[in-house]
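Construct the complete structure from the given sequences, taking the supplied hints into account.
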Amino acid sequence: MADKKKTAALHNLGCKVNAYETEKMSALLSKSGYKIVPFTEKADLYVINTCSVTAIADKKSRQMIHRARRLNPDAMIIAAGCYVQQKDITPQTLGCDIIIGNDEKSRLLEIIEEYQKDNSLNISRHDINHAGEEYEDWSHLSGHGFAASRTRAFIKIQDGCDQFCSYCRIPYVRGRTRSRSLDQVAAEIRHTADNSCKEVVLTGIHLSSYNDNGNRLIDLCEAIEASTPIMRLRLSSLEPTIVTRDFAKRLSSLKCICPHFHLSLQSGCDTVIKRMNRSYTTADFADGVSLLREYFKDPAITTDVIAGFPGESEEEFLQGKEFLKEIGFAQMHVFPYSVREGTRAASMDGQLSNSIKTSRAYELIELGAQMSKEYRALWRGRSAEVLFEEQENINGKLLWSGFTREYIRVYSDSKDFLGNTIRKEIL
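The opening position of the sequence shown corresponds to residue 706 in this note's numbering, with each subsequent residue numbered one higher.
Because the hints were derived from the structure by calculation, they are not lab data. Take every hint as true, because none was put in to throw you off.
Computed cross-link-like contacts, EDC-like style, restricted to lysine to aspartate or glutamate with a CA-CA straight-line distance of at most 16 angstroms:
no.	residue 1	residue 2
1	Lys-960	Glu-927
2	Lys-1002	Glu-1090
3	Lys-1120	Glu-1097
4	Lys-709	Asp-749
5	Lys-979	Asp-1054
6	Lys-822	Asp-802
7	Lys-903	Glu-1095
8	Lys-711	Asp-779
9	Lys-1026	Glu-1068
10	Lys-710	Asp-749
11	Lys-954	Asp-924
12	Lys-903	Glu-930
13	Lys-960	Glu-930
14	Lys-729	Glu-809
15	Lys-747	Asp-779
16	Lys-903	Glu-1090
17	Lys-792	Glu-1046
18	Lys-1026	Asp-1009
19	Lys-979	Glu-1021
20	Lys-711	Asp-749
21	Lys-1062	Glu-1019
22	Lys-960	Glu-1090
23	Lys-729	Glu-815
24	Lys-1062	Glu-1020
25	Lys-1129	Glu-1090
26	Lys-1026	Glu-1071
27	Lys-954	Glu-927
28	Lys-792	Glu-809
29	Lys-1120	Glu-1095
30	Lys-1026	Asp-975
31	Lys-1030	Glu-1071
32	Lys-979	Asp-989
33	Lys-1102	Asp-1118
34	Lys-764	Glu-1046
35	Lys-1120	Glu-1130
36	Lys-1030	Asp-1009
37	Lys-1129	Asp-1118
38	Lys-954	Asp-992
39	Lys-1062	Glu-1021
Encoded structure:
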(Lines of atoms letter the chains of each structure in order from A and count residues from 1; the text may use other names and numbers.)
(Lines give C-alpha, C1' and ligand atoms only; values in the text may rest on other atoms or scores of the structure.)
Protein backbone atom coordinates (compact mmCIF):
# COMPACT_ATOMS: atom_id res chain seq x y z
CA MET A 1 0.00 0.00 0.00
CA ALA A 2 1.39 3.44 -0.96
CA ASP A 3 2.40 5.80 1.83
CA LYS A 4 -0.14 8.48 2.67
CA LYS A 5 0.88 11.84 1.24
CA LYS A 6 2.23 14.16 3.92
CA THR A 7 0.34 17.39 4.54
CA ALA A 8 1.64 20.90 5.19
CA ALA A 9 -0.10 24.07 6.32
CA LEU A 10 1.37 27.57 6.13
CA HIS A 11 0.35 30.83 7.79
CA ASN A 12 1.63 34.27 6.88
CA LEU A 13 1.89 37.29 9.16
CA GLY A 14 2.90 40.78 8.14
CA CYS A 15 3.84 42.48 4.91
CA LYS A 16 3.48 41.61 1.23
CA VAL A 17 7.15 40.55 1.16
CA ASN A 18 6.38 37.92 3.78
CA ALA A 19 3.32 36.86 1.78
CA TYR A 20 5.47 36.39 -1.32
CA GLU A 21 7.99 34.29 0.60
CA THR A 22 5.23 32.22 2.21
CA GLU A 23 3.83 31.44 -1.22
CA LYS A 24 7.26 30.40 -2.43
CA MET A 25 7.75 28.11 0.59
CA SER A 26 4.35 26.59 -0.16
CA ALA A 27 5.51 25.97 -3.74
CA LEU A 28 8.70 24.31 -2.46
CA LEU A 29 6.71 21.94 -0.25
CA SER A 30 4.16 21.18 -2.95
CA LYS A 31 6.90 20.48 -5.49
CA SER A 32 8.56 18.04 -3.05
CA GLY A 33 5.36 16.03 -2.58
CA TYR A 34 3.49 17.65 0.31
CA LYS A 35 -0.24 18.25 0.04
CA ILE A 36 -0.96 21.85 1.09
CA VAL A 37 -3.96 22.14 3.41
CA PRO A 38 -5.59 25.10 5.23
CA PHE A 39 -3.90 26.16 8.45
CA THR A 40 -7.08 25.33 10.35
CA GLU A 41 -6.66 21.61 9.56
CA LYS A 42 -4.52 18.93 11.14
CA ALA A 43 -1.25 18.65 9.23
CA ASP A 44 2.09 16.86 9.46
CA LEU A 45 4.03 20.11 9.03
CA TYR A 46 3.21 23.70 9.94
CA VAL A 47 5.16 26.74 8.75
CA ILE A 48 4.49 30.11 10.38
CA ASN A 49 6.14 33.05 8.61
CA THR A 50 6.39 35.53 11.47
CA CYS A 51 6.37 39.32 11.67
CA SER A 52 7.94 41.74 14.14
CA VAL A 53 6.86 45.18 12.96
CA THR A 54 4.89 45.80 16.19
CA ALA A 55 4.48 44.22 19.61
CA ILE A 56 1.09 42.94 18.44
CA ALA A 57 2.78 41.21 15.50
CA ASP A 58 5.18 39.49 17.92
CA LYS A 59 2.23 38.31 20.00
CA LYS A 60 0.32 37.01 16.95
CA SER A 61 3.42 35.12 15.81
CA ARG A 62 3.60 33.30 19.15
CA GLN A 63 -0.14 32.63 19.13
CA MET A 64 -0.02 30.99 15.69
CA ILE A 65 2.82 28.70 16.78
CA HIS A 66 0.81 27.63 19.82
CA ARG A 67 -2.29 27.12 17.65
CA ALA A 68 -0.35 24.80 15.33
CA ARG A 69 0.83 22.75 18.32
CA ARG A 70 -2.77 22.41 19.53
CA LEU A 71 -3.96 21.32 16.08
CA ASN A 72 -1.42 18.49 16.02
CA PRO A 73 0.91 17.94 18.99
CA ASP A 74 2.97 15.49 16.91
CA ALA A 75 3.49 17.79 13.91
CA MET A 76 6.79 19.38 12.91
CA ILE A 77 6.42 23.12 13.51
CA ILE A 78 8.66 25.66 11.78
CA ALA A 79 8.79 29.34 12.71
CA ALA A 80 10.41 31.53 10.06
CA GLY A 81 10.96 35.22 9.39
CA CYS A 82 11.42 38.51 11.21
CA TYR A 83 10.29 37.66 14.75
CA VAL A 84 12.55 34.62 15.01
CA GLN A 85 15.51 36.45 13.42
CA GLN A 86 16.19 37.87 16.89
CA LYS A 87 19.10 36.07 18.52
CA ASP A 88 17.51 35.52 21.93
CA ILE A 89 14.61 33.48 20.50
CA THR A 90 14.98 29.71 20.45
CA PRO A 91 12.73 26.77 19.52
CA GLN A 92 12.48 25.94 23.22
CA THR A 93 11.16 29.40 24.15
CA LEU A 94 8.60 29.33 21.32
CA GLY A 95 7.50 25.72 21.48
CA CYS A 96 8.40 25.01 17.86
CA ASP A 97 10.82 22.50 16.32
CA ILE A 98 12.79 24.60 13.82
CA ILE A 99 13.66 28.28 13.47
CA ILE A 100 14.47 29.67 10.02
CA GLY A 101 15.73 33.24 9.77
CA ASN A 102 15.30 35.66 6.87
CA ASP A 103 17.41 34.84 3.80
CA GLU A 104 17.23 31.14 4.75
CA LYS A 105 13.64 30.43 3.72
CA SER A 106 14.63 29.20 0.25
CA ARG A 107 16.56 26.40 2.03
CA LEU A 108 13.35 25.11 3.66
CA LEU A 109 13.55 21.55 2.29
CA GLU A 110 17.26 21.24 3.03
CA ILE A 111 16.73 22.45 6.61
CA ILE A 112 13.89 19.96 7.17
CA GLU A 113 16.13 17.16 5.90
CA GLU A 114 19.00 18.24 8.19
CA TYR A 115 16.63 18.32 11.18
CA GLN A 116 15.30 14.85 10.42
CA LYS A 117 18.86 13.52 10.44
CA ASP A 118 19.87 15.35 13.61
CA ASN A 119 17.25 17.00 15.83
CA SER A 120 19.89 19.25 17.38
CA LEU A 121 20.25 21.18 14.10
CA ASN A 122 17.10 23.17 14.65
CA ILE A 123 18.17 26.79 14.12
CA SER A 124 19.07 28.09 10.66
CA ARG A 125 19.69 31.78 11.25
CA HIS A 126 22.76 33.76 10.34
CA ASP A 127 23.70 37.33 11.24
CA ILE A 128 21.84 39.30 8.62
CA ASN A 129 22.75 42.67 10.09
CA HIS A 130 25.74 43.63 8.00
CA ALA A 131 26.53 44.79 4.48
CA GLY A 132 27.39 42.41 1.68
CA GLU A 133 24.40 40.10 1.85
CA GLU A 134 23.15 38.79 -1.48
CA TYR A 135 19.53 38.79 -2.55
CA GLU A 136 17.90 35.47 -1.62
CA ASP A 137 17.41 33.64 -4.90
CA TRP A 138 13.96 32.16 -5.55
CA SER A 139 14.39 32.07 -9.35
CA HIS A 140 14.35 28.25 -9.39
CA LEU A 141 10.65 28.54 -8.48
CA SER A 142 9.73 30.94 -11.29
CA GLY A 143 7.37 28.30 -12.64
CA HIS A 144 5.65 27.64 -9.33
CA GLY A 145 3.57 29.40 -6.74
CA PHE A 146 0.85 31.24 -8.62
CA ALA A 147 -2.45 29.62 -9.56
CA ALA A 148 -3.64 30.25 -13.10
CA SER A 149 -6.81 31.90 -11.80
CA ARG A 150 -4.95 34.59 -9.84
CA THR A 151 -5.74 38.12 -11.00
CA ARG A 152 -3.03 39.87 -8.99
CA ALA A 153 0.49 38.69 -8.15
CA PHE A 154 2.95 40.18 -5.67
CA ILE A 155 6.51 40.09 -6.97
CA LYS A 156 9.33 40.71 -4.52
CA ILE A 157 12.14 42.74 -6.10
CA GLN A 158 14.12 44.01 -3.10
CA ASP A 159 14.95 43.13 0.50
CA GLY A 160 16.48 44.91 3.49
CA CYS A 161 16.61 48.54 4.58
CA ASP A 162 19.37 51.07 5.31
CA GLN A 163 17.15 53.82 6.76
CA PHE A 164 17.22 52.98 10.50
CA CYS A 165 14.14 54.95 11.47
CA SER A 166 14.25 55.44 15.22
CA TYR A 167 11.07 53.42 15.87
CA CYS A 168 11.77 50.44 13.60
CA ARG A 169 13.82 47.27 13.98
CA ILE A 170 13.22 45.90 10.50
CA PRO A 171 16.80 46.74 9.35
CA TYR A 172 18.08 44.55 12.19
CA VAL A 173 15.98 41.53 11.15
CA ARG A 174 15.99 42.04 7.36
CA GLY A 175 19.56 43.28 6.87
CA ARG A 176 20.97 45.83 4.44
CA THR A 177 19.25 46.68 1.20
CA ARG A 178 19.82 44.33 -1.74
CA SER A 179 17.99 43.95 -5.03
CA ARG A 180 16.90 41.25 -7.43
CA SER A 181 18.18 41.38 -11.00
CA LEU A 182 16.03 43.19 -13.51
CA ASP A 183 16.06 40.16 -15.83
CA GLN A 184 14.81 37.81 -13.09
CA VAL A 185 11.96 40.19 -12.22
CA ALA A 186 10.89 40.47 -15.86
CA ALA A 187 11.06 36.68 -16.28
CA GLU A 188 8.78 36.06 -13.30
CA ILE A 189 6.32 38.68 -14.51
CA ARG A 190 6.22 37.07 -17.94
CA HIS A 191 5.39 33.78 -16.23
CA THR A 192 2.54 35.32 -14.23
CA ALA A 193 1.15 36.89 -17.40
CA ASP A 194 1.37 33.52 -19.19
CA ASN A 195 -0.78 32.12 -16.38
CA SER A 196 -3.46 34.73 -17.14
CA CYS A 197 -2.51 37.06 -14.27
CA LYS A 198 -3.36 40.61 -15.34
CA GLU A 199 -1.91 42.69 -12.50
CA VAL A 200 1.46 42.66 -10.75
CA VAL A 201 2.40 44.52 -7.56
CA LEU A 202 6.11 45.20 -7.10
CA THR A 203 7.01 44.85 -3.44
CA GLY A 204 10.05 45.05 -1.18
CA ILE A 205 11.09 46.06 2.31
CA HIS A 206 12.31 49.43 0.99
CA LEU A 207 11.15 49.47 -2.63
CA SER A 208 12.55 52.92 -3.37
CA SER A 209 16.13 51.72 -2.86
CA TYR A 210 15.88 49.15 -5.70
CA ASN A 211 19.18 49.18 -7.61
CA ASP A 212 20.37 46.45 -9.97
CA ASN A 213 23.76 47.60 -11.27
CA GLY A 214 22.53 51.15 -11.71
CA ASN A 215 19.01 50.22 -12.86
CA ARG A 216 16.67 51.98 -10.45
CA LEU A 217 12.96 51.44 -9.84
CA ILE A 218 11.86 53.63 -12.75
CA ASP A 219 14.20 51.76 -15.09
CA LEU A 220 12.71 48.46 -13.92
CA CYS A 221 9.16 49.73 -14.54
CA GLU A 222 10.10 50.79 -18.07
CA ALA A 223 11.74 47.41 -18.73
CA ILE A 224 8.63 45.58 -17.48
CA GLU A 225 6.39 47.51 -19.86
CA ALA A 226 8.78 46.97 -22.77
CA SER A 227 9.46 43.25 -22.22
CA THR A 228 6.32 41.74 -20.63
CA PRO A 229 2.63 41.58 -21.61
CA ILE A 230 1.41 42.47 -18.12
CA MET A 231 -1.61 44.79 -18.26
CA ARG A 232 -1.35 46.45 -14.85
CA LEU A 233 1.68 47.31 -12.75
CA ARG A 234 1.19 48.60 -9.22
CA LEU A 235 3.89 49.85 -6.84
CA SER A 236 3.79 49.16 -3.11
CA SER A 237 5.10 51.60 -0.47
CA LEU A 238 7.40 54.36 -1.77
CA GLU A 239 9.61 56.90 -0.01
CA PRO A 240 8.43 60.47 -0.73
CA THR A 241 11.87 61.55 -1.99
CA ILE A 242 11.78 59.12 -4.92
CA VAL A 243 9.11 61.29 -6.57
CA THR A 244 11.13 63.72 -8.66
CA ARG A 245 9.84 65.39 -11.83
CA ASP A 246 11.80 62.91 -13.93
CA PHE A 247 10.35 59.96 -11.99
CA ALA A 248 6.75 61.19 -12.25
CA LYS A 249 7.06 62.12 -15.94
CA ARG A 250 8.60 58.79 -16.96
CA LEU A 251 6.15 56.82 -14.84
CA SER A 252 3.15 58.62 -16.34
CA SER A 253 4.26 57.60 -19.86
CA LEU A 254 3.82 53.89 -19.01
CA LYS A 255 0.43 52.47 -19.98
CA CYS A 256 0.61 49.66 -17.41
CA ILE A 257 1.18 51.84 -14.33
CA CYS A 258 -1.72 52.07 -11.89
CA PRO A 259 -2.12 55.64 -10.52
CA HIS A 260 -2.23 54.43 -6.94
CA PHE A 261 0.77 55.61 -4.92
CA HIS A 262 1.43 54.72 -1.30
CA LEU A 263 3.87 57.32 0.04
CA SER A 264 5.15 56.57 3.53
CA LEU A 265 4.65 59.67 5.71
CA GLN A 266 4.39 58.48 9.39
CA SER A 267 3.80 62.02 10.72
CA GLY A 268 2.58 65.35 9.35
CA CYS A 269 4.77 67.32 11.76
CA ASP A 270 8.40 68.11 10.88
CA THR A 271 9.72 67.95 14.44
CA VAL A 272 8.22 64.48 14.90
CA ILE A 273 9.55 63.36 11.51
CA LYS A 274 13.02 64.47 12.60
CA ARG A 275 12.80 62.46 15.84
CA MET A 276 11.71 59.49 13.75
CA ASN A 277 14.95 59.86 11.74
CA ARG A 278 13.01 60.05 8.49
CA SER A 279 14.88 61.56 5.52
CA TYR A 280 12.36 64.17 4.31
CA THR A 281 10.19 67.07 5.45
CA THR A 282 6.49 67.72 5.03
CA ALA A 283 7.42 70.18 2.26
CA ASP A 284 9.28 67.37 0.43
CA PHE A 285 6.22 65.14 0.83
CA ALA A 286 3.84 67.82 -0.45
CA ASP A 287 6.10 68.47 -3.47
CA GLY A 288 6.03 64.76 -4.37
CA VAL A 289 2.24 64.63 -4.11
CA SER A 290 1.95 67.76 -6.29
CA LEU A 291 4.12 66.16 -8.99
CA LEU A 292 2.04 62.99 -9.01
CA ARG A 293 -1.16 65.02 -9.31
CA GLU A 294 0.40 67.05 -12.11
CA TYR A 295 1.21 63.97 -14.21
CA PHE A 296 -1.74 61.73 -13.25
CA LYS A 297 -5.42 62.69 -13.17
CA ASP A 298 -6.85 62.18 -9.67
CA PRO A 299 -4.33 59.55 -8.55
CA ALA A 300 -4.99 57.69 -5.31
CA ILE A 301 -2.44 58.90 -2.75
CA THR A 302 -2.35 56.69 0.34
CA THR A 303 -0.06 56.66 3.37
CA ASP A 304 0.89 55.30 6.80
CA VAL A 305 0.70 57.40 9.97
CA ILE A 306 1.96 56.64 13.49
CA ALA A 307 -0.06 58.26 16.28
CA GLY A 308 1.48 59.10 19.65
CA PHE A 309 5.19 58.92 18.85
CA PRO A 310 7.38 59.62 21.92
CA GLY A 311 7.35 63.29 22.84
CA GLU A 312 4.48 64.14 20.47
CA SER A 313 2.82 67.17 22.06
CA GLU A 314 -0.79 68.14 21.53
CA GLU A 315 0.42 71.00 19.35
CA GLU A 316 2.53 68.64 17.21
CA PHE A 317 -0.37 66.22 16.88
CA LEU A 318 -2.76 68.97 15.73
CA GLN A 319 -0.15 70.36 13.34
CA GLY A 320 0.31 66.89 11.85
CA LYS A 321 -3.43 66.37 11.56
CA GLU A 322 -3.80 69.66 9.69
CA PHE A 323 -1.12 68.59 7.20
CA LEU A 324 -2.97 65.33 6.55
CA LYS A 325 -6.11 67.34 5.76
CA GLU A 326 -4.17 69.58 3.37
CA ILE A 327 -2.84 66.61 1.39
CA GLY A 328 -6.23 64.85 1.18
CA PHE A 329 -5.41 61.16 1.13
CA ALA A 330 -7.48 58.50 -0.62
CA GLN A 331 -6.72 56.22 2.33
CA MET A 332 -4.63 56.27 5.51
CA HIS A 333 -3.32 53.33 7.52
CA VAL A 334 -3.09 54.59 11.10
CA PHE A 335 -1.22 52.83 13.89
CA PRO A 336 -0.69 53.84 17.53
CA TYR A 337 3.05 53.94 18.27
CA SER A 338 4.38 50.54 19.39
CA VAL A 339 7.52 50.32 21.55
CA ARG A 340 10.15 48.10 19.90
CA GLU A 341 12.93 47.13 22.30
CA GLY A 342 16.39 47.86 20.92
CA THR A 343 15.31 50.91 18.90
CA ARG A 344 16.22 54.48 19.79
CA ALA A 345 12.59 55.50 20.16
CA ALA A 346 12.08 52.92 22.92
CA SER A 347 14.40 54.89 25.23
CA MET A 348 13.25 58.38 24.24
CA ASP A 349 11.75 60.71 26.82
CA GLY A 350 8.08 61.53 26.61
CA GLN A 351 6.58 58.06 26.17
CA LEU A 352 2.82 58.57 25.92
CA SER A 353 0.14 56.52 27.64
CA ASN A 354 -1.78 53.90 25.71
CA SER A 355 -4.96 55.89 26.19
CA ILE A 356 -3.47 58.99 24.52
CA LYS A 357 -2.01 56.95 21.65
CA THR A 358 -5.30 55.13 21.11
CA SER A 359 -7.33 58.35 21.28
CA ARG A 360 -5.12 60.08 18.72
CA ALA A 361 -5.11 57.05 16.45
CA TYR A 362 -8.90 56.91 16.54
CA GLU A 363 -9.10 60.62 15.69
CA LEU A 364 -6.86 60.10 12.65
CA ILE A 365 -8.76 56.99 11.58
CA GLU A 366 -11.96 59.06 11.53
CA LEU A 367 -10.20 61.73 9.46
CA GLY A 368 -8.90 59.06 7.07
CA ALA A 369 -12.40 57.62 6.62
CA GLN A 370 -13.77 61.05 5.75
CA MET A 371 -10.98 61.74 3.23
CA SER A 372 -11.46 58.32 1.68
CA LYS A 373 -15.17 59.05 1.24
CA GLU A 374 -14.36 62.39 -0.39
CA TYR A 375 -11.86 60.80 -2.78
CA ARG A 376 -14.33 58.15 -3.90
CA ALA A 377 -16.94 60.85 -4.43
CA LEU A 378 -14.65 62.34 -7.11
CA TRP A 379 -15.26 59.23 -9.19
CA ARG A 380 -19.01 59.04 -8.82
CA GLY A 381 -20.62 58.92 -12.27
CA ARG A 382 -17.27 58.56 -14.03
CA SER A 383 -16.13 55.62 -16.15
CA ALA A 384 -13.24 53.53 -14.82
CA GLU A 385 -11.46 50.36 -15.82
CA VAL A 386 -12.17 47.56 -13.30
CA LEU A 387 -10.34 44.26 -12.89
CA PHE A 388 -12.94 41.87 -11.47
CA GLU A 389 -11.64 39.14 -9.18
CA GLU A 390 -14.36 37.17 -7.40
CA GLN A 391 -17.96 37.00 -6.31
CA GLU A 392 -18.99 38.15 -2.83
CA ASN A 393 -22.23 37.79 -0.92
CA ILE A 394 -23.35 41.35 -0.11
CA ASN A 395 -26.56 41.53 1.93
CA GLY A 396 -27.73 38.23 0.50
CA LYS A 397 -26.93 39.14 -3.10
CA LEU A 398 -24.05 37.61 -5.09
CA LEU A 399 -22.01 40.42 -6.67
CA TRP A 400 -18.78 40.52 -8.63
CA SER A 401 -16.02 42.43 -6.83
CA GLY A 402 -13.02 44.15 -8.39
CA PHE A 403 -10.72 47.16 -8.28
CA THR A 404 -10.06 50.18 -10.48
CA ARG A 405 -6.52 51.17 -11.35
CA GLU A 406 -6.78 53.61 -8.41
CA TYR A 407 -7.68 50.67 -6.16
CA ILE A 408 -11.29 51.68 -5.62
CA ARG A 409 -13.41 48.61 -4.94
CA VAL A 410 -16.32 48.20 -7.35
CA TYR A 411 -19.27 45.78 -7.27
CA SER A 412 -21.31 44.57 -10.23
CA ASP A 413 -24.50 42.52 -10.37
CA SER A 414 -23.69 41.33 -13.89
CA LYS A 415 -24.96 37.87 -14.79
CA ASP A 416 -21.85 37.35 -16.95
CA PHE A 417 -18.77 35.57 -15.62
CA LEU A 418 -16.38 38.43 -14.80
CA GLY A 419 -13.56 36.61 -12.98
CA ASN A 420 -10.15 37.93 -14.10
CA THR A 421 -11.88 40.24 -16.58
CA ILE A 422 -11.13 43.92 -17.16
CA ARG A 423 -13.98 46.12 -18.33
CA LYS A 424 -15.24 49.67 -18.08
CA GLU A 425 -17.81 50.49 -15.39
CA ILE A 426 -19.66 53.65 -14.40
CA LEU A 427 -18.90 54.23 -10.73
